[in-house]
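*Asks:* Residues per chain, in single letters:
Number of protein chains: 2
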Amino acid sequence: MNPNSNRFLSALAITAIAAVSLNSCKPKGAEAAISGDAASKVYVAPGKYDEFYDFVSGGFNGQMSVYGIPSGRLLRIIPVFSTFAENGYGFSEETKPMLNTSHGFVPWDDLHHIALSTTNGEHDGRWVFANGNNTPRIARVDLKSFRTAEIIEIPNSAGNHSSPFITENTEYTVAGTRFSIPIQGNPDVPINTYKQNFKGTISFVKVDSSTGHMNIAFQILTPGVNFDLSRAGKGKSHDWFFFSCYNSEKANTLLEVNASAKDKDFIMAVNWKKAEQYAKAGKGKMVPAEYAHNIYDEVKHQATSTIEKQVLMLDPKDCPDMIYFIPCPKSPHGTDVDPTGEYIVGSGKLAALIPVFSFTKIQQAIANKTFDGTFDGFPILKYEAVLHGEVQKPGLGPLHTEFDNNGNAYTSMFVSSEIVKWNIKDVKVLDRVPTYYSIGHLSVMGGPTRKPYGKYMIAYNKITKDRYLPTGPELAQSAQLYDISGDKMKMILDFPTVGEPHYAEAIPAEKIRNNSIKIYKIEENQNPYAAKGEAQTKVTRNGNEVHVYMTAIRSHLTPDNIEGIQQGDVVYFHVTNLEQDWDVPHGFAIKNANNAEILIMPGETQTLKYIADKVGIFPFYCTDFCSALHQEMQGYLRVSPKGSNVALMFSTGKNYPAVDTTTKTVKP
Amino acid sequence: MNPNSNRFLSALAITAIAAVSLNSCKPKGAEAAISGDAASKVYVAPGKYDEFYDFVSGGFNGQMSVYGIPSGRLLRIIPVFSTFAENGYGFSEETKPMLNTSHGFVPWDDLHHIALSTTNGEHDGRWVFANGNNTPRIARVDLKSFRTAEIIEIPNSAGNHSSPFITENTEYTVAGTRFSIPIQGNPDVPINTYKQNFKGTISFVKVDSSTGHMNIAFQILTPGVNFDLSRAGKGKSHDWFFFSCYNSEKANTLLEVNASAKDKDFIMAVNWKKAEQYAKAGKGKMVPAEYAHNIYDEVKHQATSTIEKQVLMLDPKDCPDMIYFIPCPKSPHGTDVDPTGEYIVGSGKLAALIPVFSFTKIQQAIANKTFDGTFDGFPILKYEAVLHGEVQKPGLGPLHTEFDNNGNAYTSMFVSSEIVKWNIKDVKVLDRVPTYYSIGHLSVMGGPTRKPYGKYMIAYNKITKDRYLPTGPELAQSAQLYDISGDKMKMILDFPTVGEPHYAEAIPAEKIRNNSIKIYKIEENQNPYAAKGEAQTKVTRNGNEVHVYMTAIRSHLTPDNIEGIQQGDVVYFHVTNLEQDWDVPHGFAIKNANNAEILIMPGETQTLKYIADKVGIFPFYCTDFCSALHQEMQGYLRVSPKGSNVALMFSTGKNYPAVDTTTKTVKP
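Protein sequences, first through last, are from chains A and B.
This note's numbering puts the first residue of the first sequence at 1, with every later residue one more than the last.
This note's numbering puts the first residue of the second sequence at 1, with every later residue one more than the last.
All clues given are correct.
Where chains are identical, the list cannot tell them apart; a pair therefore holds if satisfied intra-copy or between any two copies.
The calculated DMTMM-like cross-link candidates involving lysine to aspartate or glutamate, where the alpha carbons are at most 20 Å apart (straight line), are:
#1 K48 - D37
#2 K280 - E171
#3 K511 - E474
#4 K144 - E474
#5 K144 - D466
#6 K206 - E122
Worth flagging that the hints you see were computed from the coordinates, not collected in a lab.
Work the whole structure out from these sequences, hints included.
*Replies:* Next comes the structure, spelled out in structure tokens:
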């Protein structure tokens with residue numbers, strides 16, 4: 001018997017879901033009937049392409065994964081918040097600044113959510129955003145290069161969970177605190193003064209419409225709740241943003257019981273247009289706030305990190321009519337806006353029904369002041385006044401809802417391990433299918449946009465157990481693909497995922513594939529250490545710092561012999577890949593490095609820092625099989641004792657060694 | 001025009017493969033006809049299992065990947081030589097020692113080859129070995145837990161490429177130097193004294209037949225060539241090991257030209273039984289050699305790293321009849337032994353034919369001294385005397401050969417991007433299929449064993465280009481699955497892979513799946529910092545070192561509030577997962593850590609080190625979605641200024657805070 005199950009059940013009991021045991025994940029019913037043509041529906045024959053790119057958050061791996069749908073094949077892992085030995089991200093001198101934060105270099109984060117950029121509420125295929133949950137951050141990946149282009153830290157925050165959801169024209173990407181903490185003022189307070197001292201914030205990060213560059217426009221101070229998820233309005237609700245929050249009890253211990261005490265928590269509705277006006281009108285004030293802002297320049301092929309020092313904070317006390325609270329049963333996770341922008345679906349993970357709110361009614365209730373008291377001084381809209389309807393008996397543990405192009409909604413049910421399809425207008429349940437097991441988020445193709453594509457839906461499950469061949473105690477997580485083109489949902493594929501597939505967004509392949517770049521043009525390379533031809537290769541010394549300007553091209557590293565390095569030298573290998581062909585990266589590694597390798601794309605320069613701490617001969621080589629003579633693409637570094645009289649010299653192989661002891665910069 | 005192509009072509013011209021351009025990867029012929037039932041052949045319906053586990057090296061990502069075959073689904077990435085933010089490998093205190101080396105902590109390596117353990121030459125499903133190419137090492141993964149159990153460094157080596165191939169009963173796993181270097185003696189010599197001063201070694205690492213523990217039995221000093229791959233004999237050739245070598249020219253610069261000067265390089269045949277006898281007879285000597293030996297204990301849940309100081313070296317001058325050289329055209333990559341042990345196939349990557357050597361003839365040539373001179377003092381066997389036959393016109397750039405259960409061989413052709421099937425007995429070509437593009441290794445199910453399973457073959461390609469939807473300049477690498485059950489090979493699936501799928505071995509699922517463990521038993525947990533129940537949780541201080549003995553169980557971390565930490569403290573969070581259910585890991589992360597998270601399997605303890613460098617309130621939480629109330633599985637750490645009078649205290653949530661200022665170790 002799970003020694004904590006009583007505690008857990010007591011929380012559940014309050015919600016009238018008394019008989020649930022999390023230990024029996026397997027739904028009782030038979031598995032969904034597998035249609036005979038499922039194989040042909042998911043099979044992408046050699047030489048053919050998937051229909052959709054699926055951008056999947058990696059959860060606790062800190063990366064973003066790209067899957068092809070319907071095949072479920074992993075097309076690429078894009079490193080975002082975690083170091084990635086595979087291509088040197090976070091190890092090369094050029095990429096290290098991407099992982100800088102206000103408290104130094106951080107090699108990891110917990111990437112939960114994905115937001116593809118939109119124009120008029122439809123995917124435009126330009127960028128994909130992701131949140132860092134542990135060190136509060138938002139990242140932007142450029143979909144031309146599939147590279148992390150920018151990371152901005154969110155100050156006055158802890159647990160950036162309700163993020164990076166975006167407004168319809170990608171005007172803003174948002175960030176809300178999952179954990180409230182002391183904001184400004186004295187940070188060293190007793191934890192049990194939570195109710196007095198702990199606050200939340202939500203941040204609106206402006207996205208430049210042409211470059212994508214992010215800047216924190218303003219933050220809004222909020223009550224000390226836990227924000228979970230959020231969604232922007234659409235169409236008529238364009239000016240609003242909806243944040244789900246739990247722990248309106250403001251508990252600071254035993255949250256699994258104490259944050260589930262009330263019947264209803266809230267969805268917080270924020271009029272961001274009004275907030276924008278308040279910010280412009282000088283209603284906020286600049287407050288001290290240290291946060292890193294990191295940008296990767298794909299022309300210089302290097303990242304820069306700037307530490308910002310203040311941020312504009314709006315106190316809602318000074319900003320009337322900006323924030324309203326909508327009661328929502330109970331500990332809501334998802335707050336999802338349908339394609340028309342009229343309906344807002346709350347998914348109270350401990351609730352036995354799914355409330356659907358009407359934007360029109362919300363506006364009426366605000367106009368008519370149909371309030372039901374206040375929360376921390378903010379008006380609470382009357383539940384019945386803003387309710388469109390309740391989906392009754394949907395299942396247990398509703399978490400998240402997405403939409404198709406035919407007026408249907410699909411809600412994931414964590415506790416009862418199923419997906420429920422229901423009609424938005426009449427809130428009637430239409431169909432249900434099992435998931436294996438314990439689904440978290442789901443994703444309909446284009447599901448959060450104004451024009452969903454439908455066709456496929458994917459369940460991202462939290463528990464895998466027996467779905468695949470076992471791999472010891474640690475298992476891949478389970479995703480399941482459903483055909484939703486007909487009236488009934490049909491499970492057609494199980495596919496495992498890396499990390500935790502927390503959330504995902506899918507986009508038709510044609511919106512991205514033709515803009516995807518294949519190489520970097522060598523003539524545009526502005527890395528200060530680039531050698532744009534073998535004639536530009538050199539080795540220079542400045543004190544104990546040695547710079548090797550190296551080139552890589554099939555099948556040679558130039559220089560391939562280097563001598564005159566002394567023990568204690570710090571050697572920077574700046575390797576430029578001279579190739580201008582698609583898919584001919586080179587790699588570089590050297591023996592005895594306490595570092596990784598670097599992988600250099602055609603036209604690019606990357607730098608590996610090497611501490612020459614031992615005397616001897618250390619081979620280096622290309623790590624990415626590039627040609628029939630890849631294995632011969634190697635060289636040697638000679639490290640002599642400190643004070644040795646071996647002069648700095650290097651070779652392109654023609655007339656080595658050649659020494660010019662006057663300049664200490666030697667060319668054969 | 002590739003500015004280096006003249007240099008490259010001059011090397012190729014010597015080999016009579018003059019007209020090859022690496023830039024045009026796409027074979028001219030039409031793609032292999034896709035059989036109409038290919039979809040059903042590779043489709044594994046939801047709830048069904050793959051037939052084979054495929055253990056795939058990750059190349060430059062340093063990890064090992066496990067794929068299901070025939071679906072091509074990635075079942076798991078097993079971290080081996082590189083840090084892995086996804087589960088805290090190389091970040092947790094328990095796993096950090098696994099990446100220790102003689103030159104400190106190294107966060108990366110280049111994992112090239114896989115060897116599944118065998119008994120009588122057949123897979124026994126116990127362990128899988130992998131080589132570290134950059135820092136010379138061999139790793140052993142335990143197939144009960146799919147965890148890296150042991151890593152041993154190889155001294156007197158550089159570029160451990162021809163590794164970790166094993167003998168028939170897993171008596172030894174071997175390691176040969178890809179790069180020759182100065183071995184013993186003065187390591188600081190001019191690089192152009194290569195011919196005088198640079199040597200190779202091959203190492204025989206004994207594997208304990210019951211525990212799998214590795215120890216270096218002996219090393220053999222060899223000529224200064226580059227060893228590429230190797231294979232043990234089988235059956236009649238059981239006592240022998242065959243190593244391919246290139247750069248018998250002993251060039252030290254411009255290897256793509258200078259190491260391709262000779263018509264033939266060699267396969268080095270080593271009588272390891274004789275070597276073993278010489279070692280036992282005291283023919284070797286102990287030489288200084290610093291190398292790390294790291295073992296992960298799955299009962300203590302922690303790794304230890306020992307630095308060894310010497311190794312037994314055999315000088316072949318003192319060991320007659322142990323080593324012979326077999327001429328092999330040209331720069332051989334693969335040296336592969338057929339299931340009977342009679343035939344050894346050399347794959348000279350610049351050769352226009354594939355030589356097949358006869359073990360019987362090799363023995364006759366040795367007995368009759370049918371030599372053709374010497375290489376560095378070792379007898380060279382006469383090519384014609386040991387040749388079984390030559391596969392004529394197989395294609396361009398033969399790299400690697402595996403075998404089926406019907407007397408057929410399959411050789412990968414890098415330059416002409418194809419696989420050629422041929423009959424071992426009459427060396428006649430039977431079939432050829434294209435690969436997309438530039439295949440490196442291939443893998444037949446059970447292909448390197450005495451009893452191949454056949455049925456499927458996989459091409460691991462080096463160039464991907466247009467095989468999948470584009471993902472910017474960096475692409476996943478391409479694997480292709482072939483049905484080889486009939487006379488003709490049929491391509492049935494493209495599947496992308498993580499890292500570089502350098503080599504792989506596949507094993508029938510039933511040989512592993514029933515031995516795979518699901519949890520660690522909590523009562524067997526011997527981690528000294530384990531709390532085996534919430535009653536055992538505590539927080540202790542010793543100077544500025546604080547130890548938190550924490551438990552995780554759905555849906556609570558105990559303690560969940562901790563105060564009395566002072567700025568500058570080093571806090572160790574020892575988190576024990578109390579769950580005893582399959583697939584209920586918990587994770588742990590804390591804000592402002594300059595570290596990763598940890599992922600803790602049921603019954604296990606893992607430790608995260610946290611430097612309390614800032615004053616404030618820092619939330620911690622479970623990072624692996626575990627229950628409906630996972631989001632509530634959180635707590636707070638309060639860090640006060642140094643010298644603060646806030647006493648050390650913590651909470652299980654019941655009567656917090658409670659303070660005992662006398663002991664500084666406080667329990668409510």
